[in-house]
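These protein sequence lines map, in sequence, to chains V and P. Under my numbering, think of the first position of the first sequence as 1, with each following residue one higher. Under my numbering, think of the first position of the second sequence as 1001, with each following residue one higher.
Treat each hint with caution, since some may be false.
Calculated cross-link-like contacts (lysine to any residue; reagent style SDA-like; alpha-carbon spacing at most 20 Å) [claimed, not checked]:
hint, chain 1, residue 1, chain 2, residue 2
1, P, Lys1087, V, Tyr146
2, P, Lys1087, V, Leu142
3, P, Lys1158, P, Gly1170
4, P, Lys1166, P, Ile1025
5, P, Lys1087, V, Asp127
6, P, Lys1087, V, Lys87
7, P, Lys1158, P, Val1067
8, P, Lys1087, V, Arg130
9, P, Lys1087, P, Pro1180
10, P, Lys1087, V, Glu113
11, P, Lys1087, V, Leu132
12, P, Lys1087, V, Trp109
13, P, Lys1087, V, Thr157
14, V, Lys144, P, Ser1121
15, V, Lys144, P, Gly1120
16, P, Lys1087, V, Ala34
17, V, Lys87, V, Ala34
18, V, Lys144, P, Lys1158
19, P, Lys1087, V, Arg147
20, P, Lys1087, V, Arg158
21, P, Lys1087, V, Met133
22, P, Lys1087, V, Pro156
The hints are simulated quantities; they were obtained by calculation from the structure and are not laboratory data. Computed from a predicted model, the values in this text were never measured in an experiment.
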Amino acid sequence: MSQIETIQARLLELVPESSWSDGAAGDPFAALPADGWHAACLAVRDDPALGFDFLRSLSGVDRPADDRIEVVAHLFSYKHRHALVLKTHTGRDGGALPSIHDVWPAAEWYEREIFDLLGVRFEGHRDLRRLLMPEDWQGHPLRKDYREAEHYRGIPTRRPGYAAPDRDEP
Amino acid sequence: MTTDKPERELVVEAGPEGGLVVGPIDRLLNLARKHSLWYMLFGTACCAIELMQTGGPRTDADRFGMVFRSTPRQADVMLLAGTITYKMASRVRLLYEQMAEYRYVIAMGSCASTGGLFQGSYAVVKGGDLIVPVDVYLPGCPPRPEALVEGLMLVQQKMEREPWLKKAHGKLPQPVDPWPEGAELHR
């Protein structure tokens, strides 16, 4: 059994509701429902055979066609030298997910970033503020249907009289 | 801003025990001012690396009287060294307002001049002159230290030609301020 098959088998034992995809365009990943997200993260961290002690990355993807936002965690185990990709998703309108910053403290700023740029609320997060954009910013810029305002606090967002590259229209 | 040339130049005369300089007081004050052009130690992005190099021994801006100050209250010139994000914009403005008048601003590099490479970004101010009045624009990505020294020397030239006493007494119009009226700063 290859390394990833071992991980798959063990993950299915621990989290039966996970569904595997071989990830035709990238790494294989396990999709999880939102309500099992926190428990699954805790399980893969604490299980001695998996031992995912390192959160490499936590990112978000807007999928307007499916009317949802995916959150992707890239995990790594220093002990076993293996990696795993976990995904979950939530709705685009007022979507929320349980925060995993108590599982991997590194998730705290990643979750703030996802909240800032995609508008996912992370329940249980201790300091959910915008990370990159100013605190009074309107909207979530990484959403596919985001339209930039003409002004921010009266500062024009296009350079007057300057042929700027066309903005993507949704 | 006016760039009137003072009518008279300085006259250096040799005397029996040394010499003396005769000239308009503006001219003498400007001579002193332009040789203590202190810039603020402040950078918003990668142009700041070139700014550090400018202060270093190879370019040695000190020889023109340009030294960095770590506080806006002692600085004469603000170098917008790098990309300015909207989050940074109000901080840049706050620093500018903390500088004593009369202050000068150099937009260093493409980003600080127009938004540069990040023209299409939702997060970047499309030019430093949308938030503070800019005196000198320096092209380049980033400009070399030599170019930055030239930019500082352009500020010196501007200072040299100013009717300083009129200006110091508020008898000349202020530079056009692009900061939107009523816009609040994060403090």
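Checked hints:
Taken as a hint, the P/Lys1087 and V/Tyr146 pair is honoured in the structure, with Cα atoms around 18 Å apart against an allowance of 20 Å. With a C-alpha separation of about 17 Å, the suggested pairing of P/Lys1087 with V/Leu142 holds against the 20 Å cut-off. The hinted pair formed by P/Lys1158 and P/Gly1170 meets the criterion: a straight-line CA distance of about 17 Å does not exceed 20 Å. A hinted pair counts as satisfied when its Cα atoms are at most 20 Å apart, and P/Lys1166 with P/Ile1025 qualifies at roughly 11 Å.
A threshold of 20 Å between alpha carbons decides the hint, and for P/Lys1087 with V/Asp127 the separation of about 18 Å falls inside it, so the pair holds. Using a Cα cut-off of 20 Å, the hinted pair P/Lys1087 and V/Lys87 is violated, with the two alpha carbons roughly 31 Å apart. A hinted pair counts as satisfied when its Cα atoms are at most 20 Å apart, and P/Lys1158 with P/Val1067 qualifies at roughly 18 Å. For the given pair, P/Lys1087 sits about 11 Å from V/Arg130 by alpha-carbon distance, which is consistent with the 20 Å threshold.
Distance check on the hinted pair: P/Lys1087 and P/Pro1180 sit about 16 Å apart at the alpha-carbon level, within 20 Å; holds. Between P/Lys1087 and V/Glu113 the CA atoms are separated by roughly 14 Å; this keeps the pair inside 20 Å, and the hint holds. For the given pair, P/Lys1087 sits about 7 Å from V/Leu132 by alpha-carbon distance, which is consistent with the 20 Å threshold. With a CA separation close to 17 Å, the supplied pair P/Lys1087 and V/Trp109 stays within the 20 Å bound.
For the hint linking P/Lys1087 to V/Thr157, the alpha-carbon distance of about 13 Å falls within 20 Å, and the restraint holds. Distance check on the hinted pair: V/Lys144 and P/Ser1121 sit about 14 Å apart at the alpha-carbon level, within 20 Å; holds. The suggested pairing of V/Lys144 with P/Gly1120 holds, with an alpha-carbon distance near 15 Å, which does not exceed 20 Å. Our distance criterion of 20 Å between C-alpha atoms is broken by P/Lys1087 and V/Ala34, whose separation comes to about 32 Å.
Straight-line distance between C-alpha atoms of V/Lys87 and V/Ala34 comes to about 9 Å, which keeps the hinted pair within the 20 Å bound. As the CA atoms of V/Lys144 and P/Lys1158 are separated by approximately 47 Å, the hinted pair breaks the 20 Å bound. The straight-line distance between the Cα atoms of P/Lys1087 and V/Arg147 is roughly 18 Å, inside the 20 Å bound, and the hint therefore holds. Restraint check for P/Lys1087 and V/Arg158: satisfied, since their Cα atoms lie roughly 16 Å apart, inside the 20 Å limit.
For the hint pairing P/Lys1087 with V/Met133, the CA-to-CA distance comes to about 6 Å; that is within 20 Å, so the pair holds. Of the pairs offered as hints, the one joining P/Lys1087 and V/Pro156 holds, with about 14 Å between alpha carbons and a cut-off of 20 Å not exceeded.
Hint violations for this structure: numbers 6, 16, 18, all remaining hints satisfied.
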